[in-house]
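Asker: Below, each chain spelled out in residue letters.
2 protein chains.
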Amino acid sequence: MKKQGLLVIISGPSGSGKGTIVEQLTQRENFSLSISATTRAPREYEQNGVHYFFRTREEFQRMITQNELLEWAEFCGNCYGTPRAYVIEQLQKGQNVILEIEVQGALQVKKLYPEGVLIFLVPPNLEELGRRLTNRGTEDKETINRRIHRALEEMEFVQDYDYVVINDTVAQATQDILDIVHAETMKCSRNQDIQKTFKGEI
Amino acid sequence: MKKQGLLVIISGPSGSGKGTIVEQLTQRENFSLSISATTRAPREYEQNGVHYFFRTREEFQRMITQNELLEWAEFCGNCYGTPRAYVIEQLQKGQNVILEIEVQGALQVKKLYPEGVLIFLVPPNLEELGRRLTNRGTEDKETINRRIHRALEEMEFVQDYDYVVINDTVAQATQDILDIVHAETMKCSRNQDIQKTFKGEI
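Line by line, the protein sequences are chains A and B.
In terms of the numbering used here, the first sequence is residues 328 to 529.
In terms of the numbering used here, the second sequence is residues 328 to 529.
Any given hint could turn out to be false.
Copies of the same chain look alike in the list, so a pair counts if it works inside one copy or between any two.
[What the hints assert, rightly or not] With a cut-off of at most 27 Å between alpha-carbon atoms, the simulated DSS-like pairs for lysine-lysine come out as follows: (1) 438 to 468; (2) 468 to 523; (3) 345 to 526; (4) 523 to 345.
Derived by calculation from the structure, the hints in this document are not laboratory data.
Sequences and hints are given; from them, build the entire structure.
Answerer: The structure is reproduced here in structure tokens:
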């Protein structure tokens, strides 16, 4: 029997380095990225079932009412959500599924799937966050200040998460998350069949 | 501020390889072994405060009534217990403290110190356990059967533990425990001051 994978939900403020860390993780064989459903139109290069599951408003509405989404939200007139079926299918194959998502969505997922592991990624400190946002060179001072303010607001939710990982270096933070996933697989609550395995019954 | 260490409580049936694993862990700089208090007489080489805290019956009784022991039990007419003060002192220095202890004691400790991490160490399966006990060459068949029976009884308590580690090889099981300890230090519940740290307030 293949051991079930873990749903790993990663949040963190803009400048926490989520994107890079998630990329590092999904390069590993046993980690997959969750694929979102959306009502927005596909861009030229985007494939259905690879980048997104593209759905009409009606289809998306049906997914909501039939409880097929672990979470969903609307941004700029388009709906985005996490289809439960795809996640469950990957987990059953033994894949760990990464969900990179903002705080409200993460807490929704945890309610519907309490076995999920919530990880909050933070930059080492405010000063470093400011430096990272400035170094991008893509945003003006006002936007950077807004992002810092938003980061401080998001940090209020850190205690609702299971783990906090400080992204000092990408390599260390990636290893931190791998260690968390490894430790979680050894939780007794995830090994209810250990006695049977021990006795050679399964 | 030095970060507090973790109390790591390790149990496992005879033949699980606890002793070897604990030795591997305590060779690391940031791991200490808990020192037990006992009423038994010191052997020639044993030093008070190193191998045991040697106590009279009266002193031991006083430790019990004054709630100074995290757990205690009597074996063959002698009392053994875990002095809370020594453990707390080590944890405050930032040391992780290892407590190698049988199931009943472990559950007592968890009640008095819920932040402790309970790890149950098991051999890969019954067959391997039988092989290990036989290979010691020190016990007769009847004793071995009794130990196997006892192991099966102890396994009933595995669900009261936080983690289960399968001791397939010493190196892997040691690493498993180090990963558990590492992951535990990243738990949000152990990082209540993360927001202050982030803002540079402490």
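Asker: Tell me the numbers of any earlier hints that the structure contravenes, in ascending order.
Answerer: Hint 1 is the one this structure does not satisfy, whereas the remaining hints hold.
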